[in-house]
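In the order they appear, the protein sequences are chains A and B. Going by the numbering used here, the first residue of the first sequence is number -7, and it counts up by one from there. Going by the numbering used here, the first residue of the second sequence is number 1075, and it counts up by one from there.
Watch out, some of these pointers could steer you wrong.
Claimed, not checked - According to the in silico footprint, chain B covers these stretches of chain A (three or more CB under 8 Å from chain B): (1) 31 to 43; (2) 81 to 87; (3) 158 to 172; (4) 181 to 192; (5) 200 to 211.
Claimed, not checked - Okay, the calculated bits of chain B under chain A, using three or more residues with CB under 8 Å as the criterion: (6) 1107 to 1120; (7) 1140 to 1151; (8) 1182 to 1195.
Treat the hints as calculated values from the structure; they're not laboratory data. Cβ coordinates follow ideal geometry from the N, Cα and C atoms, glycine included.
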Amino acid sequence: MNIVVCVKYVPDATADRHFESDNTVDRDGTPGLLSELDEYGVEQALQLKEKGGDEETTVTALTIGPESAVEAVKKALQMGADKGVHVVDDAIAGSDAIATSKVLAEAIKKIGDVDVVMCGLASTDAGMSVVPAMLAERLDLPQVTQGSVVESQGKDFRIKRDGDTATEVIGASAPLLLSVTDQSGEARYPSFKGIMAAKKKPLDTWSLSDIGVDAGEVGLASAWTAVESTEARPPRTQGEIVKDEDGSGATALVGFLASKKFI
Amino acid sequence: MSEVLVLVDHVDGAVRKPTYELLAIAKRLGSPAAVFIGAADAADAVVEAVKGYGAEKVYVVDDTEIKGYLVAPKAEVLQQLATQANPDAILITSSAEGKEIAARLAIKLESGLITDAVDVQAGPVTTQSVFAGNYTVQAKVTKGTPIITVKPNAAAPEEGAGAGVKEAFAASISESAKKAKIFASQPRAASGRPELTEAAIVVSGGRGTGGNFEPVENFADSLGAAVGASRAAVDSGWKPHAFQVGQTGKTVSPQLYVAAGISGAIQHRAGMQTSKTIVAINKDEEAPIFELVDFGVVGDLHTVLPAATEEIIKRKG
Ligand SMILES: Cc1cc2nc3c(=O)[nH]c(=O)nc-3n(C[C@H](O)[C@H](O)[C@H](O)COP(=O)(O)OP(=O)(O)OC[C@H]3O[C@@H](n4cnc5c(N)ncnc54)[C@H](O)[C@@H]3O)c2cc1C
Ligand SMILES: Nc1ncnc2c1ncn2[C@@H]1O[C@H](COP(=O)(O)O)[C@@H](O)[C@H]1O
């Protein structure tokens, strides 16, 4: 089986994130990492491989992003992925989800013979949670997304999904696209052996021309949406803090709620 | 005036509140046309419901053939309808399913997509809240038919009758849209409390509850509030995932948010930071949640909440 897991390199959410003057996300000024939500995708891909008896299954970690984004692929290789692909091209900068999904789709076609495309729930920066559905649409694959439990039997896959109004079991047969949530099971840490082994694993770097995408189809200038303005929210100012002593806390709390007309 | 399509968000024909909010937004942009994809025998009730909130037209699409499949068929329906109706914009609720339908539709129509709008004005110009609520972004679609997914509570529903002209629409669904099947579906049990994303007041409990949510629930009930939880509480199995507030749970933006026994990690903040008023009860005065509160009590939730609940019930008589 061939599994491609899509991993994104994102600015660290616990650091201070901001925008550039052209309203794109500042990706150089903030330390980055493999999106935590994509670690769950890597974990599930590796579990599918282990379950299928390692030998026949190849897990390829794929990322689209600037030079630094290769770190996301390297982390996936350290966790246990077999191969890496990094699509990097100046023209990609500022791409929206639509263009990103186009580049990912063409890269997946070039990897070829893919049985499972695995994605995370959302990227932790843009967080639109739309790239997996767009990829499924572009690749004409059945879309089995937001799984909290993944089960497989040969080429048949089932996931449990906690929807807005119901919990569902959905499924399809490979080739298909899966995405998993942070409920799907803790992601493993790279072992020392894994870190050493990763250095010898194949890692390809492709440009847009390698995958046959025209530079005019991607990037900030050809995005189908435009950000008009970005504004930092005024930081919340701390209000009154009281210490509870012999029930004074409850009284003060109820007093506050009443003053704001919540009672 | 051109039509603005609103995909009706419903559970077995029961229209959900965000639909009415979308209709209020649609009025700012053009002539609201609701799209109901569901059971034919529920259609008349749905038409009546959305008409009361200004729908001028209601497209009815019988879902018998596509009910058992995931989002792909719905995207095909909307594509075919949009090609016929040529709307000025398409509005969909920002739920997990809504966003996936919108994503596929955007590719099909070669149209720009904006997700998670918290406001939409004529243009359409959207407002989004990003980076855990630390930034506000205004954006526009520059290609094709604007497709916008809108968060609950982005607008107040506006009562007022529209013409509500019912029109059946028959879509032809491809075989490849039917490859992902729904094998089982277990509706969420009704809690009797307001919906988390729609509630005016949300009271959430975290690890500090120690697994006993009773004080949180009783306090919530005294205020008529919805109950939420941190991921630590969900991971401990104290509440189902549907209760989770935060980056990988629900985003809420109520008038009042109360965090009890929650430290205030960035991922939790991402789901509640835009609440109007924030209150926290936490034993640890150093807890980061106190950085964002309008009012905070340093104390044990197991004593503060029951006492406050009693006091509120007394005041309400
Ligand atoms: C990719 C990713 C996604 C995530 N998504 C989410 C998400 O969507 N939502 C979310 O909530 N978290 C999320 N998290 C987890 C988040 O980082 C925190 O771990 C989590 O929010 C902590 O929950 P907590 O505040 O309940 O627990 P803790 O951080 O353990 O805090 C418990 C608090 O309770 C207080 N306390 C203890 N006893 C009492 C008492 N008797 N009375 C009063 N106070 C008491 C303590 O002082 C402490 O401040 C995510 C993490 C990652 C990596
Ligand atoms: N630049 C990228 N490179 C690789 N995978 C990506 C990229 N952007 C998004 N993805 C995948 O799509 C998922 C959802 O992303 P998003 O729609 O941006 O929230 C992520 O969890 C990744 O699996």
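Each hint tested on the structure:
1. 31 to 43: That given contact is violated, which follows from only 0 residues of the region 31 to 43 of chain A lying within Cβ reach (below 8 Å) of chain B.
2. 81 to 87: violated (count 0)
3. 158 to 172: holds (count 9)
4. 181 to 192: This one is violated; 0 residues, fewer than the three required, reach chain B with a Cβ under 8 Å.
5. 200 to 211: violated (count 0)
6. 1107 to 1120: violated (count 0)
7. 1140 to 1151: holds (count 4)
8. 1182 to 1195: With 8 residues close enough to chain A, the hint holds.
Comparing the model with each earlier hint shows violations of hints 1, 2, 4, 5, 6; every other hint is respected.
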